[in-house]
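Asks: Here is what each chain is made of, one letter per residue.
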Amino acid sequence: VLGSHLVYFCIDLAFRQVPDCINDVINKDSQRGAILTHCRRELMQEVWNTLLDGDFVAAYKHGFVIQCHDGQSRRFYPRLFTYSADYPEK
Amino acid sequence: VGPESHHFDIPQVPELNFDAEPSEGLRTPSPSRSPTPPLTNAGRPGRHYRLPKRYEDLPPEPPAPLPPPPPAPALRRVILHVRDTVRTALNRFGLLREYPRRPSYDPDASLGSEDLANWDAPPHCEPAIPNSEGLSFLPPWPFKTMSIYLFMEWLNSGSNLKSVGEADRLVNGVLRHQEFKASDFDGFSARRENRRFDQVEADTAGAPFGGDGWTTSTVHISVPTGQKDPTGTGCRFAIPGLHHRPLLGVLKAALVDVASKRFHFSPFKRFRILSFGREERCYDEVYTSDAFLKADDALQKQKNEPNCTLEKVVLGLMLWSDSTHLANFGNAKAWPIYLYFANLSKYIRAKPTSGSSHHIAYIPSVSAWVSSGLFLY
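Top line first, the protein sequences correspond to chains A and B.
Using the numbering used here, the letters of the first sequence correspond one by one to residues 1 to 90.
Using the numbering used here, the letters of the second sequence correspond one by one to residues 1001 to 1377.
In isolation and in its complexed conformation, chain A is listed as follows (with noise of 0.2 Å):
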């Protein structure tokens, strides 16, 4: 894995003096903790960027057309009525 990815590494260390891996950031930082509370928060929010695709964006702009068990077919809105999660900050 590092091989592959020691191209993007000397690149940087070229252009930007920047690190390649996370743990050069964290480990000489005293900044721990909060950085990786900042990744969770981060993530969350990539994951709910994935999730929420554009087929559910449009599903819930324009509904989606299923034929039900009583033979007749209704077009679905989906709403989002509950979000019970705890905040992935630890």
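Treat the hints as calculated values from the structure; they're not laboratory data.
Don't take each hint at face value.
Cβ-to-Cβ under 8 Å is the rule here; a few derived chain A residues that face chain B [claimed, not checked]: (1) I35; (2) L43; (3) H69; (4) L80.
Using 30 Å as the maximum straight-line C-alpha spacing, the simulated BS3-like pairs for lysine-lysine come out as follows [to be verified]: (5) A:K61 - B:K1181; (6) B:K1346 - B:K1312; (7) B:K1269 - B:K1312; (8) B:K1261 - A:K61; (9) B:K1312 - B:K1294; (10) B:K1269 - A:K61.
None of these values were measured; they are calculated from a predicted model.
C-beta: ideal position from N, C-alpha, C; glycine also.
Got chain A; can you put chain B on it based on the hints?
Replies: Structure of chain B alone, referenced to chain A:
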């Protein structure tokens, strides 16, 4: 206000004659009993014992059915947002439903007692096992029939992973099913049928239940480096291993699943009529809440999709996420996101065996990736 107002009388609760008049003395409260109570051994008149009211166990009852639809008017005139409020009658607990619009489907119309009560099977006395005296000890001894003999022999031999509960489930759910025919199993192979099941997903990609399989993605996050950064975006790191299912595929699959028979497509208000005629709102389900009614009202007022006259239905999503320990020892953890449907009654949704929880995603752990090293994007 609806076109006509309905009045409903509170049904007479079958009253048990608990309070015998003192002057009536020895009169029996119920005509089924003998007119004079038998005397006790001491020669005194016997007492009538009755169960205290707190031990009265009323069987549950589904909500009262919807009134029949009014005949369609000969001249149909479209008026914007006509309120067609429908009120049902009261059930024995004094509860009624009020729909802002006539629903096209009432899942509560077919509720059975097994859906309303929390017993698994109706309580019944187990018949005593007959004495084996005078019987021959040939099969099916000690069982009643040869079918039970063969089944019990299978249950108690071979693999010991067959539980009594699963055996009951096999008999009551499969072997005794109306559509079960032993002749269907000519040349049966469980391995082949499993393979057929696996192939379905690939063969029917366009089907509404298809396309809800798991995929794995990599997400990218920005981390500040503590160094001067003119772009202000920090460093982008890749976190692989997000397992997830496409949300829309899961919604479609859930709506064609048999559990959607119990989905409420139209929200309503539930009222309880108090003894002196006052109404009290009952908040019991998501689809009877003001939030759902408001969302539905907004959707009905929303413009239809072009060339679409289908009924518009709010599909309520309830998302839930928490990190979960997978083992009693060690720190094996998973961080799942679950999806529940608000259109389903909480009494079904909250049952662990109802299968109404849908797994949406498993989030990768940041700590694991930090300790193994996050890499630049």
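Asks: Does each hint hold? Answer for all of them.
Replies: Verification of the hints:
1. Nearest Cβ of chain B to the Cβ of I35 (chain A): about 6 Å, under the 8 Å cut. The hint holds.
2. With 8 Å as the threshold, the beta carbon of L43 (chain A) comes within range of chain B, its nearest partner Cβ sitting at about 6 Å, so the hint holds.
3. Interface hint at H69 (chain A): satisfied, since its Cβ lies 5 Å from the closest Cβ of chain B, which is below the 8 Å cut-off.
4. For L80 (chain A), the interface hint holds, since its Cβ comes within 8 Å of a Cβ in chain B; the closest pair sits about 5 Å apart.
5. Pair hint K61 (chain A) plus K1181 (chain B) does not hold up; C-alpha atoms about 47 Å apart against a cutoff of 30 Å.
6. A hinted pair counts as satisfied when its Cα atoms are at most 30 Å apart, and K1346 (chain B) with K1312 (chain B) qualifies at roughly 23 Å.
7. The straight-line distance between the Cα atoms of K1269 (chain B) and K1312 (chain B) is roughly 19 Å, inside the 30 Å bound, and the hint therefore holds.
8. For the proposed pair K1261 (chain B) and K61 (chain A), the alpha carbon gap of about 25 Å is at most 30 Å, so the pair holds.
9. At most 30 Å may separate the alpha-carbon atoms for a hinted pair to count; K1312 (chain B) and K1294 (chain B) meet this at roughly 14 Å.
10. At most 30 Å may separate the alpha-carbon atoms for a hinted pair to count; K1269 (chain B) and K61 (chain A) meet this at roughly 26 Å.
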